[in-house]
Amino acid sequence: MTELLRVSGLCKSFGDSRVLDDIHLVVQRGEIVGLAGESGSGKSTLARCITGLHTYDSGSVHFDGRLLPRRFSAADFRAQARHVQMIFQDPLSSLNPRLTIADILCEPLRLNSALPRDEQLALATGWLQRMGLPADTLSRYPHAFSGGQLQRIGIARALINQPQLLVCDEPISALDVSVQAQIVNLLLDLREELGLTLLFIGHDPAMLAYLCDRIVTMDKGRIADG
Amino acid sequence: MKAPLLQVDQLRVQLPSPRGTVHAVRDASFTVAQGEMLAVVGESGCGKSVTAQALMNLLPPAAEVSAAAALFDGQPLLVGHYPRGMAMVFQNPMATFNPVLTVGYQIAEPLRVLHGYTRHDAEREAVRLLERMQVRDAAQKAHRYAHEFSGGMLQRAAIAMALACKPLLLLADEPTTALDVSTQHEVMQLLAELRSEQQLGILFITHDLGLVERHANRVAVMYAGQIIETAATSNVISTPQHPYTQALLAALPAHNRGKRLYSLEGSPPDLRQPPPACAFTARCPQAMAHCSTQSPPVMADSQHARCWLHAGDLCDD
Numbered sequence: 387m388t389e390l391l392r393v394s395g396l397c398k399s400f401g402d403s404r405v406l407d408d409i410h411l412v413v414q415r416g417e418i419v420g421l422a423g424e425s426g427s428g429k430s431t432l433a434r435c436i437t438g439l440h441t442y443d444s445g446s447v448h449f450d451g452r453l454l455p456r457r458f459s460a461a462d463f464r465a466q467a468r469h470v471q472m473i474f475q476d477p478l479s480s481l482n483p484r485l486t487i488a489d490i491l492c493e494p495l496r497l498n499s500a501l502p503r504d505e506q507l508a509l510a511t512g513w514l515q516r517m518g519l520p521a522d523t524l525s526r527y528p529h530a531f532s533g534g535q536l537q538r539i540g541i542a543r544a545l546i547n548q549p550q551l552l553v554c555d556e557p558i559s560a561l562d563v564s565v566q567a568q569i570v571n572l573l574l575d576l577r578e579e580l581g582l583t584l585l586f587i588g589h590d591p592a593m594l595a596y597l598c599d600r601i602v603t604m605d606k607g608r609i610a611d612g
Numbered sequence: 361m362k363a364p365l366l367q368v369d370q371l372r373v374q375l376p377s378p379r380g381t382v383h384a385v386r387d388a389s390f391t392v393a394q395g396e397m398l399a400v401v402g403e404s405g406c407g408k409s410v411t412a413q414a415l416m417n418l419l420p421p422a423a424e425v426s427a428a429a430a431l432f433d434g435q436p437l438l439v440g441h442y443p444r445g446m447a448m449v450f451q452n453p454m455a456t457f458n459p460v461l462t463v464g465y466q467i468a469e470p471l472r473v474l475h476g477y478t479r480h481d482a483e484r485e486a487v488r489l490l491e492r493m494q495v496r497d498a499a500q501k502a503h504r505y506a507h508e509f510s511g512g513m514l515q516r517a518a519i520a521m522a523l524a525c526k527p528l529l530l531l532a533d534e535p536t537t538a539l540d541v542s543t544q545h546e547v548m549q550l551l552a553e554l555r556s557e558q559q560l561g562i563l564f565i566t567h568d569l570g571l572v573e574r575h576a577n578r579v580a581v582m583y584a585g586q587i588i589e590t591a592a593t594s595n596v597i598s599t600p601q602h603p604y605t606q607a608l609l610a611a612l613p614a615h616n617r618g619k620r621l622y623s624l625e626g627s628p629p630d631l632r633q634p635p636p637a638c639a640f641t642a643r644c645p646q647a648m649a650h651c652s653t654q655s656p657p658v659m660a661d662s663q664h665a666r667c668w669l670h671a672g673d674l675c676d677d
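Protein chains in written order, with this note's numbering: chain U, 387 to 612; chain P, 361 to 677.
By construction, these hints were calculated from the structure, which means they are not laboratory data. Treat each hint with caution, since some may be false.
Derived, one-sided and incomplete: chain U residues facing chain P with beta-carbon distance under 8 Å [to be verified]:
(1) Q414
(2) T511
(3) A567
(4) D590
(5) P591
(6) Y596
Every residue, glycine too, gets a C-beta built ideally from N, C-alpha and C.
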């Protein structure tokens with residue numbers, strides 16, 4: 387296995403309160419690493435520092451051997467978006483309500499490649515099939531779908547440019563138990579097929595133990611074990 | 361045997377909608393005894409919350425609610441007003457509290473209005489209830505507003521507010537779904553203590569069978585507005601009879617370490633046109649020819665599974 391992500395000595399404060407304190411974390415290629423901990427322990431903040439959504443005070447993040455800047459420029463976001471993608475807890479609020487699913491799925495392709503529209507749509511259709519969603523999905527809007535379907539659309543959008551790392555911030559916490567199982571099975575299959583690496587944030591120990599190769603527990607901004 | 365605290369026979373709820381009447385609850389029958397926790401389990405859209413709202417008279421006036429019999433503490437229920445002695449806790453505590461009144465004031469309110477406490481006594485009792493729900497610094501917290509509480513603490517305050525109604529029966533509609541696992545456990549523990557201390561009956565609604573495994577006495581599994589299996593929790597967990605119950609259990613990681621999780625494809629049927637026979641047929645891995653044409657009988661054995669698989673040779677073909 388080779389190293390994909392290395393976080394060293396990362397610290398971050400919001401005002402006076404230190405939310406991340408000397409975080410060290412290494413993720414190998416193809417690994418599923420679980421990030422556990424109570425609300426407020428810093429899991430999401432760490433995920434956001436890794437994906438460039440937050441800046442941090444000190445420390446470093448290396449991705450695929452490259453040092454990532456502490457503050458992403460627009461160009462950094464665009465470059466890094468091909469390699470790292472993220473899915474969130476509330477899939478409805480992470481999809482633009484005024485775009486059709488076709489536009490939502492084609493947007494990352496449009497920004498990152500010069501594919502003609504019909505080839506973009508063909509790719510999008512392929513991903514929807516892969517996610518077990520009906521073909522008429524493309525012409526509809528986000529509000530027409532259930533939480534589990536939206537989360538699968540969010541995963542399709544995240545993966546359409548074939549990133550190496552998918553950061554999942556509690557993607558199943560808001561879903562029914564049977565739908566949780568669908569999403570977890572899907573993530574395991576995708577790892578198998580695409581060699582995807584996952585950083586999976588969750589708070590259900592049973593689900594993390596089931597899904598992850600390794601679990602890192604955070605407590606009050608520090609890594610407690612792992 | 362003593363009559364149960366709550367007895368509902370063939371509860372039926374129909375909700376008008378622009379595109380046809382929704383048959384949200386279809387002949388659901390259940391009982392809750394004093395000090396008992398009955399868990400109502402099922403996916404979203406199976407009628408669990410509507411059942412609780414019907415009992416509390418919280419449905420819109422246009423809803424048609426009927427039952428062959430509905431008795432609560434010996435009194436008729438579903439008579440068009442809020443039933444005394446019943447209180448409800450909702451999924452989102454932030455939406456439960458009025459944001460411009462202090463939490464303490466809102467907990468004290470039912471004590472003053474329903475039970476004639478003076479303002480001073482009601483406030484003191486509110487603090488005591490918060491303390492009982494293990495809210496730290498309860499006296500100070502009572503003067504704070506909902507947005508100053510964390511989710512878990514606010515849900516405990518919401519239970520305190522429900523307890524201020526001095527209920528015999530608590531309806532808890534997914535009260536832990538929005539909470540952390542560790543906080544979830546604390547809330548479940550508190551509910552269990554209230555049950556044994558005050559003989560409080562609890563109707564606990566959830567989609568997670570794993571959550572109620574340790575705390576509920578009995579489980580009623582609900583699908584498409586019907587109760588399709590009901591039995592003691594240990595029986596449901598160890599020997600689930602209905603394929604739907606089996607599917608819910610097979611989706612739990614704690615029960616299926618090292619195996620692929622079973623994920624039930626599709627979603628519950630549209631209750632504007634509920635299927636004529638067994639509503640689960642379309643998704644059932646063990647469906648047989650007559651499942652979609654003839655309603656399965658309700659088995660009178662200990663587990664009451666509503667399924668042809670357990671009906672033996674009662675079928676005509």
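A quick look at each hint next to the structure:
Among the interface hints, the one on Q414 of chain U is violated; its C-beta lies about 22 Å from the nearest C-beta in chain P, farther than the 8 Å criterion. Using the Cβ-Cβ criterion of 8 Å, the hint placing T511 of chain U at the interface with chain P is not satisfied: the shortest such distance is roughly 20 Å. The beta carbon of A567 of chain U is positioned within 8 Å of a beta carbon in chain P (closest approach about 4 Å), and the interface hint is therefore held. Residue-level restraint check for D590 of chain U holds (minimum Cβ-Cβ distance to chain P is 5 Å; threshold 8 Å).
For P591 of chain U, the interface hint holds, since its Cβ comes within 8 Å of a Cβ in chain P; the closest pair sits about 7 Å apart. The beta carbon of Y596 of chain U comes within 3 Å of a beta carbon in chain P, closer than 8 Å, and the hint placing it at the interface holds.
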